[in-house]
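Let the sequences and hints guide you as you build the complete structure.
Top line first, the protein sequences correspond to chains A and B.
Position 262, counted from 1, in the first sequence is what the numbering used here calls 262; the numbers after and before it change by one each time, with no gaps.
Position 80, counted from 1, in the second sequence is what the numbering used here calls 458; the numbers after and before it change by one each time, with no gaps.
Hint data in this document are derived by calculation from the structure and do not stem from the laboratory.
Please note that a few of the clues may not be correct.
Stated by the list, open to error - Facing chain A, from chain B, some residues (calculated, C-beta under 7 Å):
(1) P476
(2) D477
(3) T480
(4) R486
(5) R492
(6) F494
(7) A506
(8) H508
(9) A518
Beta carbons: idealized from backbone N, C-alpha and C, even for Gly.
The residues making up each chain are set out below.
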Amino acid sequence: MKNSKKVTYSIILAAIILAFLFFLEANKANYGMAYTVLTKGAILAVVAVSMNLVTGFTGLFSLGQAGFMAIGAYITAIFLIPTDTIQDVYYISGVSPAIINFKGFLDSTPGWIQALAPYIALIVGGLAAALLAALIGIPVLRLKSDYLAIATLGFSEIVRAIISSPQLDTITNGSYGLKKIQGFSSIIQTFVIAGVCITLMVLLIRSTYGRAFKAIREDETAAEAMGINLFKHKELSFVIGSFFSGVSGGMLAMFMRSIDTKTFSVSLTYDILLIVVIGGIGSVTGSVISALLVTVSKEWWLRFFDNPLYIGNFQVPFFRTGFRMVVFSIILLVVVLFYQRGIMGKNEFSWDKIGNNFTRFKGFIAKKASKGGSDHAK
Amino acid sequence: MPNSILRLEDITMQFGGVVAVDNLSLEVNQNEIVSLIGPNGAGKTTAFNVVTGVYAPSNGAIYFKDNMITSNYPKGSMKKSYVGQNNGKYTTRMEKKPDQITKLGVARTFQNIRLFKDLTAFENVLIAKHMRAKANFLSATLCLNHKEERTMREETLELLDILGLTNVKDEKASSLPYGQQRHLEIARALATKPELLLLDEPAAGMNPQETDELTAFIYDIRSKFNLTVFMIEHHMDLVMEISDRIYVLDFGKLIASGIPEKVQNNQRVIDAYLGVQEDDEE
Numbered sequence: 001m002k003n004s005k006k007v008t009y010s011i012i013l014a015a016i017i018l019a020f021l022f023f024l025e026a027n028k029a030n031y032g033m034a035y036t037v038l039t040k041g042a043i044l045a046v047v048a049v050s051m052n053l054v055t056g057f058t059g060l061f062s063l064g065q066a067g068f069m070a071i072g073a074y075i076t077a078i079f080l081i082p083t084d085t086i087q088d089v090y091y092i093s094g095v096s097p098a099i100i101n102f103k104g105f106l107d108s109t110p111g112w113i114q115a116l117a118p119y120i121a122l123i124v125g126g127l128a129a130a131l132l133a134a135l136i137g138i139p140v141l142r143l144k145s146d147y148l149a150i151a152t153l154g155f156s157e158i159v160r161a162i163i164s165s166p167q168l169d170t171i172t173n174g175s176y177g178l179k180k181i182q183g184f185s186s187i188i189q190t191f192v193i194a195g196v197c198i199t200l201m202v203l204l205i206r207s208t209y210g211r212a213f214k215a216i217r218e219d220e221t222a223a224e225a226m227g228i229n230l231f232k233h234k235e236l237s238f239v240i241g242s243f244f245s246g247v248s249g250g251m252l253a254m255f256m257r258s259i260d261t262k263t264f265s266v267s268l269t270y271d272i273l274l275i276v277v278i279g280g281i282g283s284v285t286g287s288v289i290s291a292l293l294v295t296v297s298k299e300w301w302l303r304f305f306d307n308p309l310y311i312g313n314f315q316v317p318f319f320r321t322g323f324r325m326v327v328f329s330i331i332l333l334v335v336v337l338f339y340q341r342g343i344m345g346k347n348e349f350s351w352d353k354i355g356n357n358f359t360r361f362k363g364f365i366a367k368k369a370s371k372g373g374s375d376h377a378k
Numbered sequence: 379m380p381n382s383i384l385r386l387e388d389i390t391m392q393f394g395g396v397v398a399v400d401n402l403s404l405e406v407n408q409n410e411i412v413s414l415i416g417p418n419g420a421g422k423t424t425a426f427n428v429v430t431g432v433y434a435p436s437n438g439a440i441y442f443k444d445n446m447i448t449s450n451y452p453k454g455s456m457k458k459s460y461v462g463q464n465n466g467k468y469t470t471r472m473e474k475k476p477d478q479i480t481k482l483g484v485a486r487t488f489q490n491i492r493l494f495k496d497l498t499a500f501e502n503v504l505i506a507k508h509m510r511a512k513a514n515f516l517s518a519t520l521c522l523n524h525k526e527e528r529t530m531r532e533e534t535l536e537l538l539d540i541l542g543l544t545n546v547k548d549e550k551a552s553s554l555p556y557g558q559q560r561h562l563e564i565a566r567a568l569a570t571k572p573e574l575l576l577l578d579e580p581a582a583g584m585n586p587q588e589t590d591e592l593t594a595f596i597y598d599i600r601s602k603f604n605l606t607v608f609m610i611e612h613h614m615d616l617v618m619e620i621s622d623r624i625y626v627l628d629f630g631k632l633i634a635s636g637i638p639e640k641v642q643n644n645q646r647v648i649d650a651y652l653g654v655q656e657d658d659e660e
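Now the structure itself:
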């Protein structure tokens, strides 16, 4: 397929998505569920791609995502809680003077900086997560596979424990969490931020550094013999992955408007791991598709399993709160059984493939039609 | 006076109580083809791994173009258990990592092929170009290095063309036939722009015809890329035909060295390969 054609198709696809988002934004009230679920899906897509960058492309089995997200989320939250309500949020232990001073400083900055505050908050949150990743990466990245997973998992729990510790009550509000966080202005904003993050990661993966990451995933010894500094590249991938985890954590805070440490428990990491595995370890488009699909089916399409269902006078058994998750698990099992390497495997979405499938489909139809025709003739 | 490109001095590699390479000294000169031979388990691959930085030697030093790249002496727990020679001769410690040694201009292939299996032949070679790329990760992400990227890709295509792999460049490395995988591994090593190429059993698993072709191929790449070749090999025909000089290892010790004819007729080499007849009657 010609490049110009591909570009045209891509622009059309982007336009359709944008138009759909504008439609959703305009009819927020009627499509509340779709609105919420898609927002959450976009946020999870960012963190799933960031996990894929580390796990799928560099071969580092890291389970620390929730910890990095927590850091990003708390920093973003502190940035974005309006100054006039901050006392209400910290009503139990009081606000640390540092935060009050910081908020005062923020309010004294010119208007355009305040308008950019959400973006600055997200970036600062991401940078903090990246910094921490750089520090813990030095000892932890010597480990391999499962050992690395356990170490990063432990780290993520440590972050959570520290955030909820009473000593930090005046900063993180301990176990009460932070509330009244300024949210996204529209679903378009969410999707644009998510899109920029994912595009940056895709560009990195396609660059010469991304190829070096893949080399490390395939064979560390050979990669090292080809002059790739293992530690430097593993650290780089881990830090960048954590940066985007932090950003998505901040986005999650903006989406939920109130966060506490339970939000960032291990189960969040598992949810992301699930998305990555279902989408295909080593496929960005797989992660994005699977993030949207998993979120939408878990939170929305399967909702009706949670309510009692009557057909006439007959009550269908099992339909009660929680049954949704049973069905969801069964669907996961089936998907994993039929697509053992995830929906996309290690492949990416490409117009060529769609084109090929379409041609094959047309050929198939034509064959059927001619066969049918000859049958008639007899 | 020939120019030495690689010099091993008193290299000993001891794993616990096992001395895999014992006091090995050898020299490879510019543009030579030198072979390292010996029966299985003689320590040839260990010697290669010491040169390329996979292992730090227990004792001894290595010089590349007369600059020290590796040097070590027995220390820690090795100090007590060390049984090799020249203990105390070396006092500096320098352990370069494999990637640093590759950067200096030493490339290698592996005994059991280690390609990036899931990537295409083209990507396999392109990855080896990464080391010499100047872009940092930010400029690479934002595509500010497109000129460099284009040269990298062009050089890769050129290299694949020279090695006759152009028609399979988009195939996955694991799907290539064995001979082509060997060629691809050499192509990947050449992409790092080496001066010294270490080949670990390049003819392993090849039939006689392919082995013949390999001889011509090695001569060819030596002249094209101005290389020095240091190789481990078991095919004696190939070794005798191609080598300028040969070193023979047995149980980690150097037992013979010199031009092929001399080594061929050396009694100790023949004994090592055929086994010594133990005469009980005497």
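To see whether the hints hold, each was checked on the structure:
1. This hint holds: P476 of chain B has a C-beta 4 Å from the nearest C-beta of chain A, less than the 7 Å allowed.
2. Residue-level restraint check for D477 of chain B holds (minimum Cβ-Cβ distance to chain A is 5 Å; threshold 7 Å).
3. With its C-beta approaching chain A no nearer than about 4 Å, T480 of chain B sits inside the 7 Å limit, and its interface hint holds.
4. Against a cut-off of 7 Å between C-beta atoms, the interface hint on R486 of chain B holds, since the closest Cβ of chain A lies about 6 Å away.
5. Below 7 Å, beta-carbon pairs count as interface contacts, and R492 of chain B has one with chain A at about 4 Å; its hint therefore holds.
6. With a cut of 7 Å, the hint placing F494 of chain B at the interface with chain A holds, because the nearest CB-to-CB distance is about 4 Å.
7. With a cut of 7 Å, the hint placing A506 of chain B at the interface with chain A holds, because the nearest CB-to-CB distance is about 4 Å.
8. Interface restraint check for H508 of chain B: the shortest CB-CB distance to chain A comes to about 5 Å, inside 7 Å, so the restraint holds.
9. Given the 7 Å rule on beta carbons, the hint for A518 of chain B holds: about 4 Å separates it from the nearest Cβ of chain A.
Figure legend: structure checked against the earlier numbered hints; every hint is met.
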